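Counting along the sequence shown from 1, when you hit position 47 you're at 47 in my numbering, and nothing is skipped either side.
Accuracy of the hints is not assured; some may be wrong.
[As the list claims (entries may be wrong)] Computed cross-link-like contacts, DSS-like style, restricted to lysine-lysine with a CA-CA straight-line distance of at most 25 angstroms:
1) Lys71 - Lys35
2) Lys85 - Lys69
3) Lys82 - Lys69
4) Lys58 - Lys10
5) Lys10 - Lys109
6) Lys58 - Lys82
7) Lys42 - Lys85
8) Lys23 - Lys69
9) Lys10 - Lys35
10) Lys109 - Lys71
11) Lys85 - Lys123
12) Lys82 - Lys42
Hints listed in this document are in silico derivations from the structure and should not be mistaken for laboratory results. Since we're looking at a predicted model, the values are computed, not measured.
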Amino acid sequence: MNKDEIINLKEYFHIWGNQDFSKLNLDLLTQLFTKSDFVETKPYLYRRKLIPNDSRFKQIELVYDEDQKVKAIVWDLNITYKDLKDYFGEPIIHYEYYSETTAFAFRSKNQDIEIISTRTSGKLNQLGESFFENESETKIENPEFTFIQFSLK
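Please build the complete structure, drawing on both the sequences and the hints.
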């Protein structure tokens with residue numbers, strides 16, 4: 001267990017959700033998240049894929065512009081809907097037909113964060129606290145997600 005894993009995920013994301021991102025640049029964030037080498041890609045999006053120090057995450061990705069201003073931080077992890085709602089509050093849910101995914105977005109009080117988001121494949125319809133897959137009667141009690149993204153201003 002490393003020092004990041006000492007705090008639970010709710011507290012971890014609370015701390016990151018209250019950061020002053022104007023003081024954090026690409027290289028500093030890279031140093032905070034990993035001690036390992038990273039993979040960098042620069043097609044139309046600039047990405048730095050990190051092997052995280054914190055074993056709760058499969059990968060952390062920093063998306064940035066040509067001036068190296070970080071535009072998004074993406075944590076790859078397995079997380080349930082109930083945990084997301086507990087960490088970030090009530091989501092805005094929207095089916096995106098062009099990608100055939102259901103997006104879940106959370107507002108942030110941090111002026112540096114535009115939106116906190118995730119998505120799942122397929123169409124999920126919500127009825128009360130339950131979700132149903134596509135137009136079927138297949139009930140999904142607590143959908144799981146594989147990433148959390150902080151989109152930065």
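To see whether the hints hold, each was checked on the structure:
Taken as a hint, the lysine 71 and lysine 35 pair is honoured in the structure, with Cα atoms around 22 angstroms apart against an allowance of 25 angstroms. The hinted pair formed by lysine 85 and lysine 69 fails the criterion: a straight-line CA distance of about 29 angstroms is larger than 25 angstroms. With a CA separation close to 32 angstroms, the supplied pair lysine 82 and lysine 69 exceeds the 25 angstroms bound. Restraint check: the Cα-Cα separation between lysine 58 and lysine 10 comes to about 17 angstroms, which is no more than 25 angstroms; the hinted pair holds.
This hinted pair checks out: lysine 10 and lysine 109 have alpha carbons roughly 16 angstroms apart, not beyond 25 angstroms. About 20 angstroms separates the Cα atoms of lysine 58 and lysine 82, which keeps this hinted pair within 25 angstroms; it holds. The suggested pairing of lysine 42 with lysine 85 is violated, with an alpha-carbon distance near 33 angstroms, which exceeds 25 angstroms. Between the alpha carbons of lysine 23 and lysine 69 the distance comes to roughly 11 angstroms, so the proposed pair stays at or under 25 angstroms and holds.
About 23 angstroms separates the Cα atoms of lysine 10 and lysine 35, which keeps this hinted pair within 25 angstroms; it holds. Of the supplied pair hints, the one linking lysine 109 and lysine 71 holds, its CA atoms being roughly 17 angstroms apart against a limit of 25 angstroms. For the proposed pair lysine 85 and lysine 123, the alpha carbon gap of about 19 angstroms is at most 25 angstroms, so the pair holds. With a C-alpha separation of about 35 angstroms, the suggested pair lysine 82 and lysine 42 falls outside the 25 angstroms cut-off, and the hint is violated.
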